[in-house]
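The chain contents come next:
There are 2 protein chains.
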Amino acid sequence: MSEAFTLYSYFRSSAAYRVRIALNLKGIKADYRAVHLLKDGGQQHAPSYAQLNPQEIVPTVVHDGYAIGQSLAIMEYLDEVKPEPPLLPKDPAGRARARQLAYAVACDIHPINNLRVLNYLRKPLGHDDDEVIAWMTHWIDLGLGAIETMLTSSAATGRFCHGDTPTLADICLIPQMANARRGRTNLDLFPTLKRIEAACFELPAFADAAPGKQPDAE
Amino acid sequence: MSEAFTLYSYFRSSAAYRVRIALNLKGIKADYRAVHLLKDGGQQHAPSYAQLNPQEIVPTVVHDGYAIGQSLAIMEYLDEVKPEPPLLPKDPAGRARARQLAYAVACDIHPINNLRVLNYLRKPLGHDDDEVIAWMTHWIDLGLGAIETMLTSSAATGRFCHGDTPTLADICLIPQMANARRGRTNLDLFPTLKRIEAACFELPAFADAAPGKQPDAE
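Taken in sequence, the protein lines are chains A and B. Residues 0 to 217 (numbering that gives the first Met the number 0) make up the first sequence, in order. Residues 0 to 217 (numbering that gives the first Met the number 0) make up the second sequence, in order.
Not one of these hints is a red herring.
SDA-like mimics (lysine to any residue), calculated; alpha carbons at most 20 Å apart, straight line:
no., chain 1, residue 1, chain 2, residue 2
1, A, Lys-122, B, Pro-123
2, B, Lys-212, B, His-35
3, A, Lys-28, A, Ala-206
4, A, Lys-122, B, Asp-127
5, A, Lys-89, A, Ala-154
6, A, Lys-122, B, Gly-125
7, B, Lys-122, A, Leu-120
8, B, Lys-122, A, Ala-133
9, A, Lys-122, B, Leu-124
10, A, Lys-122, B, Asp-140
11, A, Lys-212, A, Arg-32
12, A, Lys-122, B, Ala-133
13, B, Lys-89, A, Val-80
14, B, Lys-193, B, Pro-210
15, B, Lys-122, A, Asp-127
16, B, Lys-89, B, Ala-154
17, B, Lys-89, A, Asp-78
18, B, Lys-122, A, Val-131
19, A, Lys-122, B, Val-131
20, A, Lys-212, A, Ala-198
21, B, Lys-89, A, Met-0
22, A, Lys-193, A, Thr-156
23, A, Lys-122, B, Arg-121
24, B, Lys-122, A, Asp-128
25, B, Lys-28, B, Ala-66
26, A, Lys-89, B, Lys-89
27, A, Lys-193, A, Ala-155
28, A, Lys-122, B, Asp-128
29, B, Lys-89, A, Pro-82
30, A, Lys-122, B, Thr-136
31, A, Lys-122, A, Asp-39
32, B, Lys-89, A, Tyr-65
33, B, Lys-122, A, Leu-124
34, B, Lys-212, B, Phe-200
35, B, Lys-122, A, Leu-117
36, B, Lys-193, B, Pro-203
37, B, Lys-193, B, Glu-147
Covered stretches of chain A (in silico footprint by chain B; criterion: 3 or more residues with CB under 8 Å from a CB of chain B, positions within the stretch not fixed):
no., segment
38, 52-60
39, 63-74
40, 79-91
To be clear, the hints were calculated from the coordinates, so they are not data collected in a lab. For every residue, glycine included, the Cβ atom is placed at its ideal position computed from N, Cα and C.
Given only the sequences and the hints, what does the whole structure look like? Please build it.
This is how it looks when you write it as structure tokens:
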């Protein structure tokens, strides 16, 4: 396996944040290329980037000549080409649980609240900041509430979402909690999530992946 | 492995449709339990179902005493406990590509257009049918357009999205195309998707999973 990985990222993107955590956990030092989602009409729409990622979204990882988009596809790939430390448990039921928690964020919270969706609510739909934040908070509260229940109702929950090592579930959860703080979500309602977040931030892999620590942070 | 699988499904849910296709491809006859998303204030909110799936959404698969939610977590699980026929290619780059295509639907099209999101646009946001359909069509056109480009720009595309056997990519695509027909999307703009859809429907696994063929179809 080639050790050369390139990461196309935007510091504030929570999908890119996930991949930054995963790369750090794997001990992979990727070449960081900033794609500014707001400058130049959105650098993700530049033809050179669109060729790498026809969805024109971040992140993209380039490795061994392949450009891979979609944070979860990238993380599953990393887990296959560099299995240690694993990002998923070994047993199929445990893997399903970690993935279910990850998708509960990645499919059912984040896509409804990302920049392009919020922009559409503003224009053409004409909603003001208050309504946009109410929208965001509604979906985040609903989603994090379900995840809190999934975590408190299972003996498989440990120091992290699944057992005592971080998995895809934690990697998706942490950036989503950062997003939650931009709305009106009361995170005190989710004590298990807060406990797990604190455990994650004791690990440099999570702390170093935070938006404020990226080369393109503003 | 126990051969007893139970599927909680709603005939019109495209996430449930994916899992029905995957079960059929694997040759698994699951016990079908209908969860009507509109009757009784939404049967997915009944306490007995919420205990199986705290997100209160379909589908859920119960197997070997575990209740698994999230269609993609279920399908990865099926591929692990019953590997033949595989739902993903063998090579990591191919697996990443099939997953990327699957997530392009499952993360970036479907969640923005599912029933609960469209309901929120209607109430409290007050949009009429025309605006709701414009919303739906916007995200579907954008998403399917990117997927068409991903497919036409890669030599890995075959009879199906990746090579000549169906993968998670096709399984996610086909229900999304059915949804597209409920809006104003012009599918003629996506000839590769239409060709692949036709190839899929030659397989009973896809045809038999269609909403109209389910026990709870209306």
